[in-house]
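Hey, can you work out the whole structure from these sequences and the hints?
Chains as they are written, first to last, in our numbering: chain H, 1 to 112; chain D, 1001 to 1113.
Do not rely on the hints blindly, as some may be mistaken.
Stated by the list, open to error - Derived EDC-like pairs: lysine to aspartate or glutamate, alpha-carbon spacing no greater than 20 Å straight-line:
| id | chain 1 | residue 1 | chain 2 | residue 2 |
| --- | --- | --- | --- | --- |
| 1 | D | Lys1009 | H | Glu39 |
| 2 | H | Lys99 | D | Glu1054 |
| 3 | H | Lys99 | D | Glu1075 |
| 4 | D | Lys1057 | H | Asp98 |
| 5 | H | Lys99 | D | Glu1062 |
| 6 | H | Lys42 | D | Asp1001 |
Everything labelled a hint here was simulated from the structure, so no lab data went into it.
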Amino acid sequence: GENVEQHPSTLSVQEGDSAVIKCTYSDSASNYFPWYKQELGKRPQLIIDIRSNVGEKKDQRIAVTLNKTAKHFSLHITETQPEDSAVYFCAAVGAGDDKIIFGKGTRLHILP
Amino acid sequence: DSGVTQTPKHLITATGQRVTLRCSPRSGDLSVYWYQQSLDQGLQFLIQYYNGEERAKGNILERFSAQQFPDLHSELNLSSLELGDSALYFCASSQQGAQSPLHFGNGTRLTVT
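Quick look at the structure:
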C-alpha cells in the first residue's frame, strides 16, 4: 500500500523567511496530493492541493511542487508570518483508491 | 465552520467501557472518514464510508466498529476501552471520495481512565 514520508518533523524559521516541507510517496499510481494545516487545538484544514497532471500550484504565499518521476512533493511558504505556526500534514491518494494516507506531520515554528 | 458536526466534544470513561462517537457530514457530502490522533501524533486512518457502504479500512482495531446510516451520519463504536485508546477522534467528510478535499469536524476528545 501507499506510504508517505514527511520531513522535517520540526522546523523553525525566522519570521519573514521561507519554509519548505518535503514529502515522498511510494505508490506511483497516486495522483492527488493535498496539504492540511492544523493549528494548536484545532481541526486540520486544507490549505492547498495538487493533482498529478500539474507540476506546480500557487496560492498567494503558499506553493506546492510535484515531481512525479522522483515521487516527491513539497510545500513552500514564503514571507512567513506568526500565524503560519502550526502542524502541516501532506497526504497522497491513489487513483481509484479511497485511502488518504497522511505523512506524520511537520511542526512549524515561526520565530519573532 | 467546516459544516461537519461531531458529538460529544469530550468524553471521559473508564477502561473496559464502550462509547459511541457521532458524526454528521457536510450537507451533500457522501463520504465519511474517521481518524485517530494521539498526543503529538499524526492522523491515523481508521475507516471510510461512501453513501452507506464501507469503502476503505485502515488500521482499525477489532474492538472498534463503525457504520454510516441512510441519512449519511456516521457512528464510531469503541469497546473494551484501554488507556491507549485515549486520543482525539476526527471525522471528516468529502463530496465524492478521496479525490475531493476533506472537511474535518472539531473532533471528540476521548479520555480513558
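Checked against the structure, which of the hints given earlier come out wrong?
Going through the list in order, the structure violates no hint and respects every one.
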